[in-house]
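Going down the list, the protein sequences come from chains A and B.
In case it helps, UniProt numbering puts the first sequence at residues 1 to 274.
In case it helps, UniProt numbering puts the second sequence at residues 1 to 309.
These are calculated hints, taken from the structure and not from any lab test.
You may find that some hints are simply not true.
No farther apart than 30 Å at their CA atoms in a straight line, the calculated lysine-lysine pairs in the DSBU-like style are these [as the list claims (entries may be wrong)]:
| hint | chain 1 | residue 1 | chain 2 | residue 2 |
| --- | --- | --- | --- | --- |
| 1 | A | Lys21 | B | Lys125 |
| 2 | A | Lys268 | B | Lys152 |
| 3 | B | Lys152 | B | Lys138 |
| 4 | B | Lys5 | B | Lys70 |
| 5 | A | Lys14 | B | Lys111 |
| 6 | A | Lys21 | B | Lys138 |
| 7 | A | Lys14 | B | Lys232 |
| 8 | B | Lys90 | B | Lys152 |
| 9 | A | Lys91 | B | Lys125 |
| 10 | A | Lys91 | B | Lys227 |
| 11 | B | Lys227 | B | Lys179 |
| 12 | A | Lys268 | B | Lys5 |
| 13 | B | Lys209 | B | Lys232 |
| 14 | B | Lys15 | A | Lys91 |
| 15 | B | Lys227 | B | Lys265 |
| 16 | B | Lys90 | B | Lys15 |
| 17 | B | Lys70 | A | Lys91 |
| 18 | B | Lys90 | A | Lys21 |
| 19 | A | Lys268 | B | Lys63 |
| 20 | A | Lys268 | B | Lys110 |
| 21 | B | Lys70 | A | Lys14 |
| 22 | B | Lys209 | B | Lys125 |
| 23 | B | Lys125 | A | Lys14 |
| 24 | A | Lys91 | B | Lys265 |
| 25 | A | Lys91 | B | Lys110 |
| 26 | B | Lys209 | B | Lys5 |
| 27 | A | Lys14 | B | Lys90 |
| 28 | B | Lys5 | B | Lys179 |
| 29 | A | Lys14 | B | Lys110 |
| 30 | A | Lys91 | B | Lys232 |
| 31 | B | Lys110 | B | Lys177 |
| 32 | B | Lys15 | A | Lys268 |
| 33 | B | Lys90 | B | Lys63 |
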Amino acid sequence: MSKWSNPVLIKELKLRFRSFKSISGLLFYLAALFVSVVGFLMLATEFTGKGFFRPDESFMMFAMLSGLQMVLVLFMTPGLTAGAISTEREKQTLNMLLTTTQSSFQIISGKLLASIAFLVLLMLAGLPLYSLVFLFGGVSPAQIVSVFMAYLITMLAVGSLGIMFSTLIRRTIVAMITTYGVMIFLSGFTAFFFFITTSFTQSMNTPVLEPLAYIWAAINPAMVIVSLLAPEIEQELLDATNISISLPLVYFIVYGCISIIALWIATKRLRATK
Amino acid sequence: MIEIKGLTKQYGQFKALDHLNLTLDAGVVFGFVGANGAGKSTTFSILATLLAPTSGDALIDGKSVVREPKEVRQLIGYMPDFFGVYDQLKAEEYLDFYGASYGIPAAERKKLIPELLELVNLTHKRDAYVDLLSRGMKQRLCLARCLIHDPKVLILDEPASGLDPRARVEMRDILRKLKELGKTILISSHILPELAEMCDEIGVIDGGKLIAHGNVATIQAQLQGEKHITVKVRADLASARTFFEQQPHVVDVHIEREAVHFMFKGNDEEQRALMIAALQSDINVYSFSEDEKDLEDVFMAITKGADAR
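Isolated chain B, as found in the complex (with noise of 0.2 Å):
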């Protein structure tokens, strides 16, 4: 459904996408992570026909974002990071202006409307000013605008951010109900977890490249070798990180929530050296658990290495 294929955007000497390639097949739900800068918007806004690519090409059901440009906004609904709504409008007059937009007729979006209010639970909203929806509920709106002309493609510029915790459960379960309605959806965000939940696929993203690919657990396979242990300690934690930094395979040790953290990166054998190590020195160990890692730690990994780099 949708195909990269070496996609480079540059603003004079920066390089704000570098030879970005991807594939991703009909009804998937992909989540693209990556930190502030890193080329999501970038490549979003490419996908969504508003920026050129300096090189490279995006094919959206085989549309040329480049060279058919009109034919892929038909098949795309995109929503940006930061959008405005117009003062003045009702919530239906807004949607029915879209539909206009994208050439639906008057007697289908009469139809349309009140059944895209229902999906994004906005009915009771139709006739209120859209300049003063909560953001939440603005959100929403924004969602079923992209759905007004039925697009196999949505690409969602982080959907959740700014929302709070209620308002980011019922985004994410409108998603659900798109997800199963076949749409190929684009999400980037930074909150992570929820991404993970969601997406069938995860690429990140930095430094304008494509570092990662796959799904979440491929993703974190990459990671294998590498774990996050807490250690809990009776005496003072200053000393016990110190004796962890003096240990071999142990890297970015550090204290949080009442706890030592640190990477390790030796085999099992070693780890049961090191908990033999650490139960005969001083520091009095209550605990000595490995962290089950999330996706923000596979990100947080993954771009560091890429920093590095």
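So here's chain A without its partners, still in its complex pose (with noise of 0.2 Å):
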């Protein structure tokens, strides 16, 4: 077998783009973009249809779109990932994928990314609206970059884990269950511990911020999007804990180790045969 071939991603493709789910799917998705976009303009010229729109209430606009497709990158990813597996078991058809020649690696990753694919493809179906922003400017296109750059770390990692808990898990609604535990855990616990944190050390009155505040911000989704947007925010914050990492580079780093181990874990267990 060709070693960059693989039948899982193409036959998930094929059954993910056939369903009627994957369609309502991406119209939600970008029903619920436009009403931002629409409303946020709305807003912006107090529902007078005319008026001024400037560039910093553009970027205001894009910051706030990058923010809902963050939320959205985090809560379908485990929808999408956490049965990619349990529901092969659940529908009786794993063990015949198991005892094909494929590498437990090539199942893993045809999974991964088959689900990947499809949250790309709401991105991209998505840009059309995005692209809104450089009509009123006040957007790079760097941050544009870096900002798609950290959905697609995040949605490496969370859908990672969404199929390493589906390989350990049995059942796909505990699977999922789990899969969203983690997320919440990524995106509302460490925000939660950050704020416990800050308003300890606050209350200290210590000068230097611990380092476990920036540790809890390095791994928060809302944070790296916050630091690739508004730099003087992250700048603030490793004045404050006197360290000089690059936030979003950490979670960069944390995001893909995260990914790693995962794949790892769910390439070992697939075939577990005890």
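Put the two chains together into one complex, using the hints given.
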């Protein structure tokens, strides 16, 4: 078998794009983006349909869209990946797949890439709405690229966790709840702990922020978007903690490591024969 | 072709397989017979590299299922007892996916798939969605899937279960064709008479142990000395049953289909004496006949013996 061929990926793409769920998901996603953009424009022009839309307002719209898209990535990725292996098990197709000569990594990566391909399609389909920000200015293409890279690494990490739980846990529903739990920890609990840590430092009247606050911020998806869009906020945090490593860099490294470890565990455990 | 050596599978205290030994030559059709939970599916799962044995090993064409699972997967076609199919995939695409999964080049798959569909009589369903096929058709399609990489060994776990009589006959015809192609086939079934017709060898498994192995005639010979007798009478069946229960060498007396049935463990002379006693009694015997033993009886007798142990 060619090293790069991936029958599971091709089959998954075929099945995914034939299902009504995918079309409805895409429609829902675009509708959410559209309502946000139009709503924002209406608010900015005070529902008159005319007036000015300044570049700084355009930047705000971009920031709002970026945040919204990160939320959608965080919520859709577990749904797309946490059933990847357990559904095969529940539908009694897994054993036949495992007796083929495909390697475990081929099967796992095929499942993950098919889910990521769908999410990337969502991102690409939303680009025309995104391009509105270019119409009004205020955002650099480099910012857009870096924000999209953040989405990509986030979906890779959360997706890998989803596939890992789907491999380890027999039932899809339990695997999905576990993946959502971890996702909520990464996005919600880290923010909560960050605020707890900073409040604690402030109450102690110490000038230097705990390094722990930096760690919580570095693994928070919202914080990476803030850091990429508003480097001055990131700089404030770096100054406060006396740490000079860029937050997005740590985010990319940590999420990259999460992906590698989760995929490694999933690959090892897929053909667990005990 | 297949050599199973001391295969044991233990789940805590429960031994699903207990030092199973079995050797099969190439081209043999082997029927694996046993009650539910006897260890058939466990054995097949180990041979299919889905389950690791606690101890022992199995070699398929010289390749170990424990140490060389990838090579073994190339040699076998495995059909599980229960299996599902993917929604929204057509029969042709289904086979194409598994062909690709075995690393068969696209051009070769294109040639191969119509041949396989023809072999399992599904050419007319090539564009049908797999989940909409009947159960019999799904079973046949699954069999075609097993054959896509031209394996030397077929491991078929209950291939005829849940099929209606017509579908069963179709499945049997296909298996016959595969036998002619020289495949080594392992089939498990609880529908024993069908196995007897098709198999060169039969193995009876009970409680994780292989308790009999040989051709059908050999296994039937193991039961020599035990005869199934059916007696039809004019008097009421209950009194006939009481009569036979009191006779020597007679066991397992029961009434079925308006006749008395029992197992006779005596010799021919003792059987003659029993017939005379029956004729002289007041149960008014119409007929006294010795049943042909089929594989079902052999199985029942052997497994009952094992239970008693």
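Exercise for the section: Could you tell me which of the hints above the structure violates, numbers in ascending order? Expected result: When the structure is compared with the hints, numbers 7, 10, 11, 13, 16, 20, 22, 24, 30, 33 turn out to be violated.
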